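Asker: For the protein sequence lines, the chains are Y and E, in the order given.
Take the first sequence: its position 113, counted from the start at 1, is 113 in the numbering used here, and no numbers get skipped.
Take the second sequence: its position 55, counted from the start at 1, is 1055 in the numbering used here, and no numbers get skipped.
Please keep in mind that the hints were generated in silico from the structure rather than gathered at the bench.
All values reported here derive from a predicted model rather than from experimental measurement.
A few of these clues could be false.
[Claimed, not checked] Straight-line Cα separation of at most 25 Å, PhoX-like style, residue types lysine-lysine; simulated pairs:
| # | chain 1 | residue 1 | chain 2 | residue 2 |
| --- | --- | --- | --- | --- |
| 1 | E | 1042 | Y | 41 |
| 2 | E | 1068 | E | 1005 |
| 3 | E | 1071 | E | 1057 |
| 4 | E | 1042 | E | 1005 |
| 5 | E | 1068 | E | 1057 |
| 6 | Y | 20 | Y | 55 |
| 7 | Y | 55 | Y | 14 |
| 8 | Y | 20 | E | 1042 |
| 9 | Y | 41 | E | 1015 |
| 10 | Y | 41 | E | 1068 |
| 11 | Y | 64 | Y | 20 |
| 12 | Y | 55 | Y | 41 |
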Amino acid sequence: GAVVSQHPSRVICKSGTSVKIECRSLDFQATTMFWYRQFPKQSLMLMATSNEGSKATYEQGVEKDKFLINHASLTLSTLTVTSAHPEDSSFYICSGRRGETQYFGPGTRLLVL
Amino acid sequence: QQQVKQSPQSLIVQKGGISIINCAYENTAFDYFPWYQQFPGKGPALLIAIRPDVSEKKEGRFTISFNKSAKQFSLHIMDSQPGDSATYFCAASSGRGSTLGRLYFGRGTQLTVWP
């Protein structure tokens, strides 16, 4: 199979702090990883595309200085939400691309108080 | 602009019945059409996928029907079970150009199968 893990699965933080979410492809190398945000009962919204060893490409309207993405290796990408605010509370999901298929992680529930 | 349009938004089916979810697209550059299943609080899981060179693909109780001329594709779930109750997303991507591999998702269909 193609397994993607995320850590942590859920996190609660205070407003103004930074939170890092890790995304790992466990049994394949993902040259491209994607980060999504999902609101309740809505579809997945692409935030950014991350290629190993290069800068991430952000979707229109996504603040790159707020959502820092690092793709340091073929199996690890990280998303850091800087100076988090309550409106950043959401479900964040990553995926790794193998061939033409994206395999998704289990998601990270972020709650900013 | 929604690149992939999905309907219905919600669907209620009796156990043993057939669930049908439809999707339509405009971009003829799309050449890969996956369906994902998502349970509450979980990430989407790949269910089945099709390329436009075939009109139908079946895996167990799940079948994708693809109509290239109409730019439509649909998911059929035969003998629907309560465990199939989840949200289903259709998606499309292109293997070419600057958007290589990027998935364009439908809005999702909430399926409920009554026992």
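Asker: Provide an ascending list of the numbers of those earlier hints which the structure does not satisfy.
Answerer: Hints 7, 10 and 12 not satisfied by this model.
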